Structure formats: C-alpha cells, structure tokens
Amino acid sequence: MLLIDCPYCRQGRPEIEFSHAGEAHMERPADPETASDAQWEAFLFHRTNPAGIHFERWYHIHGCGCYFNAVRDTVSEKFILTYKAGEPRPAVSEIEALMVEKEPE
Amino acid sequence: MSHFSFPSLLAKAMGANKGWTRQWAKPQPKSRYDVIIVGAGGHGLACAYYLAKEHGITNVAVLEKGWLGGGNTARNTTVIRSNYLYDESARLYEHALGLWEGLSREINYNLMFSQRGVLGLAHTVHDVQILKRHIHANRLNGIDSEWLTPEQAKAFCPPLNISACARYPIVGASLQRRGGVARHDGVAWGFARAASARGVHIIENCAVTAINRGAGGEVTGVETTRGTIGAQKVALSAAAGTSGLMEMAGLKIPIECFTLQALVSEPVAPVFPCVAMSNTVHAYISQSDKGELVIGAGTEQYFSYSQRGPLHSLEHTIAAVCEMFPLFTRLRMLRNWGGSVDVTPDRSPILGLTPVPGLYLNAGWGTGGFKATPGAGHLLAFTVAQNRPHTINAPFSLKRFQTGRLIDEAAAAAVAH
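Taken in sequence, the protein lines are chains A and B. Counting from 93, one number per residue, gives the positions in the first sequence under my numbering. Counting from 70, one number per residue, gives the positions in the second sequence under my numbering.
Quick caveat, the hints were computed from the structure, so don't treat them as lab data. Given the structure is predicted, the values throughout are model-derived calculations rather than measurements. All residues carry an ideal CB built from backbone N, CA and C; glycine is no exception. A hint or two may mislead.
To be verified - Residues of chain A clear of chain B, computed beta-carbon distances all greater than 10 Å:
hint: 1; residue: Leu94
hint: 2; residue: Arg102
hint: 3; residue: Gly104
hint: 4; residue: Arg105
hint: 5; residue: Ile108
hint: 6; residue: His117
hint: 7; residue: Ala127
hint: 8; residue: Ala130
hint: 9; residue: Trp132
hint: 10; residue: Ala134
hint: 11; residue: Phe137
hint: 12; residue: Tyr159
hint: 13; residue: Arg164
hint: 14; residue: Thr166
hint: 15; residue: Ala183
Unchecked claim - Taking lysine-lysine and the BS3-like style, the derived pairs with C-alpha atoms no more than 27 Å apart in a straight line are:
hint: 16; chain 1: B; residue 1: Lys99; chain 2: A; residue 2: Lys170
hint: 17; chain 1: B; residue 1: Lys468; chain 2: B; residue 2: Lys87
hint: 18; chain 1: B; residue 1: Lys87; chain 2: B; residue 2: Lys321
hint: 19; chain 1: B; residue 1: Lys87; chain 2: A; residue 2: Lys170
Unchecked claim - Rough simulated footprint, nothing fancy, chain A against chain B, three-plus residues with beta-carbon under 8 Å:
hint: 20; region: 249 to 262
hint: 21; region: 273 to 284
hint: 22; region: 392 to 400
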C-alpha cells in the first residue's frame, strides 16, 4: 500500500483513497483544427513510460476530490515529491536533491 | 540434443538418470547474425524456432538481459483461450490456439497443455449480455464457445457456488472447451531446446544498451553488455523492456507498464477441473497439475516496473474467490508475486514493422500474452523473414494509433485478456 502525500490535504494517506490519472504535463495540441494525425497520436497515446522518475497525475477521489501531480520512481515506487495541479514541472536538480536527502532511509 | 520418448526416459531411469545432456547450448555471442531477437521469453524463443523451422533462417541470436523465461513467461497464470470479441483478435488468438494443439509433439517437449475448458462467469444482466455477444461473435469466427445455465456451469465446475443469495450470484457462464492451461516454464524451455537444436544462439545475461543505425537510418546491430553484435534485422520481444528499447531507436510508443499480481495456494488434491474467470470481480482461478490453486488479480492502477504489488488488491481478489468458491476459504496461500505488463491503450498487442527499417516490434500483450506465445512467435518470424506483416497481424500495426483503427479489446474484455 502506497502512502501518498496529497498537497492539498498535507498528509500522507493510503493509496486506496486515490485514483491514478496517467502521465502529467501532457499538452493538448494548441490548435486542434490544424494538428496533424501524428500530433494527435503523440498527445493521445504516446507516453514516456520510464523505468525510473515519472511525472504523473493523481486524483484524491475519496478525500478532498482534487487532482494533483506527483514525481515517483516507478522502480522503487517511492514518491519523491507531490505538488498542486497547475504548478510548473519541478526541475531535475530539485528532484535529484530530494532523492539524495531521502536515501539514508 | 537427445530425443525424449518413453523408451529414452526408461533407459535413463534404469541408468540412475545419468547421461542426460544439456537441453540447449550456451554459446558465446558471435559478432554478427542474420537476425537478433531481443528477449528470451516464450515469444522471442518461439520466434527463433519458427524462423529456423519455417523460413530457414538459423543464424539467429536471442539476447536476454536476465535469464531465459524469467520475465512474464514465468509470472503469468498460464490460461490459454481464443474467445475474443473482435474479428482481428479472434483470428490472432485462434491462430495461436491452433498452434498450441499438437505443439508438444512437434517440439518433442511435454508442455502439459491441457484443454480443460475456460469458464467465463456472469454475475449481472450486463455480464450475460456481453458474454452472449462474445459467444455469438466467436461462433461466427469458427471458435468453439457456448452458453451454460448456472446448473450446467455447476455440473461442469462442481466447486462453483450458484446459490441465489451469494454475494456475486452466478446467472450463467460462457465456456470455451478448447481453452485450458499449459506449463509456462516448459513452454520457454521447449522452444529454447527446439530452437537451439536448429542452430539458434540463446545468449543470457546480455542486456541491449543501444540500437546501432546506418547512414540511411536502418538497423545495423545492437550494443550489449557483452559487446557489439551486428545484424540487419532486430526484433524486439521484450514486454516491459520495450519502451526503453524503442527509445534507443528514437521512437515513442503507446505502451504503459503496470504491475499484475498472482498467487498460488498450498497444493491440494484435484478439486478444480477447469479455468474459471470473472471479469466483474476481477478474479480467475485454476489448479495446476502440482495441485496448487493458481489465482490471478487485476492490474494495479499506477505505472510500475517494480514487479511487486500491494496486498490490498490480492485481498480483494481472494475475497471474491472465497465468495464464489466457499470450499477454498480454509486454504492457505503459499506465495505471491508480481510481473510488469506492457499495456496498450486498446489492450491489443503491437506486432509488425516499425518506422525504422530492419526493426520489428512484438509488444503490448499486456495481461494476456502467454496464450499467444506460439502464435506471436510464428507471426513475428513471418514478419521478420518476409519484411512485411502476415495478414493475421497486419491489423496490429503500430500505425493504428495514428489512423485510429484501434482494436478495442479494452472495452470488450475488461480485466481478462
């Protein structure tokens, strides 16, 4: 069971309160009328799917009801950081600093 | 390679089982092959076998980053069936089922393939509707599939609880009698042995670290942890490793990896005669020849490569199994495990060419690749040898995500693929 720190509720809550909502920071084509099939394919279907650091959305469905973003390691399942929807994607250096801090655990 | 037969077993048994030889060779990698297959799971090994047998291409290497058959081939729940809804899927999985029948004899290896029947349980009026739709579609495609009343289902599978006051009442079931199970490790070993006997090199502990390209963008070989290996054709059959490998070729693909868990009970006397699956409560169960009950759960909700999953989803699955089969409530569970499954948006596999010349893709089998093992290998071998997809796997191209011609088994089959 993952413990997930909702950035709105500010507390670690069990995974069953949450619903996973896919990769974060996916950008819809700016002009849908002129976007090519390849652009739609990339937006709708192509995903990073990394073995490692992943930016993803979660939905606190049985809690505050808000969507937020998280940075999680898909190999160790460890949550490195959660942040509110609409906030910018954290820099790699920030994530790396947090990973070093958390390592002694 | 020695031929397995009753006289050979008897002779070796009389000789205290001395003199058995290695079932497949452990060669050093050469600097060049005609075809490289990445991933020595069931699919990759089957592809190597059919390349050698049907297309005369024996200068083949199967590269494996871990050990042979150590990924999803050894982690699935071994269910084999072909009762898929859409015509494209029906042809694909029926092609595989046709190859399963007679495969043990063909490769002289006991795969313990047992066509004991696969039951699909219906708990609600919606289940009845979708299962009957499946049955009609299957029959139009020439696939055996039939509808059972609760009483008929109980007669076919006596442990079933068909009481009207059950938490998940059973109002009927679909049955594919030709469906069943096979021993998954044996499938990898059998194909490895048959491929090795035809000259294929199986190279373990050899992870691919880069895909080399020529001036025109075509594949020229791979970099591995055991050196550079050249080949004009590289076929990827690496399940959860696919996204990383495709990235080496500069391609993004529509695949996400999830954990799928399974567990087995302590071994007991034969009590469960078939495979039973329930899409509504996300559980499926069968009994192995060793006597363990093999139980599969649904995928976890989040992406993962950890090959581990949480207990709460197993608890949910076991609760459903115990409710449907009350006699299992006192069974103890022996072990549980997880695998990382590569899932596409439409839950249908990708099998065919890629935009990179000489690079072939077999991936996205998600939660249901085991049943397709010989079929996937057979079609991938055809695609590699002919440099064009077979008519059966042509609809399963990577291009369908751009054209929109999806084969949406995700909507058709819920948990079970």
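Here is what the structure says about each hint:
With a least beta-carbon separation of about 7 Å from chain B, Leu94(A) fails to lie farther than 10 Å from that chain, contradicting its non-interface assignment. Listed as outside the interface, Arg102(A) is consistent with that label: its C-beta sits roughly 21 Å from the nearest C-beta of chain B, beyond the 10 Å cut-off. Remark: the non-interface label on Gly104(A) is consistent with the geometry, its nearest Cβ contact in chain B lying 15 Å away (cut-off 10 Å). Against the 10 Å criterion, Arg105(A) stays outside the reach of chain B, whose nearest CB is about 14 Å from its own CB.
Against chain B, the non-interface label of Ile108(A) is violated: not every CB pair exceeds 10 Å, the least being about 6 Å. No Cβ of chain B approaches the Cβ of His117(A) within 10 Å, the least distance being about 15 Å, so the stated non-interface status holds. The beta carbon of Ala127(A) is kept farther than 10 Å from every beta carbon of chain B, the shortest such distance being approximately 12 Å. For Ala130(A), the non-interface assignment is contradicted: its Cβ lies about 6 Å from the closest Cβ of chain B, within the 10 Å cut-off.
Under the 10 Å C-beta cut-off, the non-interface status given to Trp132(A) relative to chain B is violated; the minimum distance is some 8 Å. Not every CB of chain B lies more than 10 Å from the CB of Ala134(A), the least distance being 7 Å, so the non-interface label is violated. At the 10 Å boundary, the C-beta of Phe137(A) falls inside the reach of chain B, the nearest C-beta of that chain being 4 Å off. At the 10 Å boundary, the C-beta of Tyr159(A) stays outside the reach of chain B, the nearest C-beta of that chain being 14 Å off.
Arg164(A), annotated as away from the interface, has a beta carbon of chain B within 10 Å; the closest lies near 8 Å. The Cβ of Thr166(A) does not lie farther than 10 Å from every Cβ of chain B; its closest approach is about 5 Å, which violates its non-interface assignment. Here Ala183(A) stays apart from chain B, with its beta-carbon at least about 22 Å from theirs, past the 10 Å limit. Note on Lys99(B) and Lys170(A): the hinted pairing is violated, with a Cα-Cα distance of about 40 Å set against a maximum of 27 Å.
Among the hinted pairs, Lys468(B) with Lys87(B) is inconsistent with the structure: their alpha-carbon atoms are about 53 Å apart, more than 27 Å. For the hint pairing Lys87(B) with Lys321(B), the CA-to-CA distance comes to about 51 Å; that exceeds 27 Å, so the pair is violated. Between Lys87(B) and Lys170(A) the alpha-carbon distance is near 50 Å, which puts this suggested pair outside the 27 Å criterion. For the region 249 to 262 of chain B, the stated coverage by chain A is violated: 0 residues have a C-beta nearer than 8 Å to a C-beta of that chain, whereas at least 3 were required.
Figure legend: the region 273 to 284 of chain B, annotated as covered by chain A; annotation inconsistent (0 residues with Cβ-Cβ distances under 8 Å, at least 3 required). Counting residues of the region 392 to 400 of chain B whose C-beta sits closer than 8 Å to any C-beta of chain A gives 0, which falls short of three, so the coverage hint is violated.
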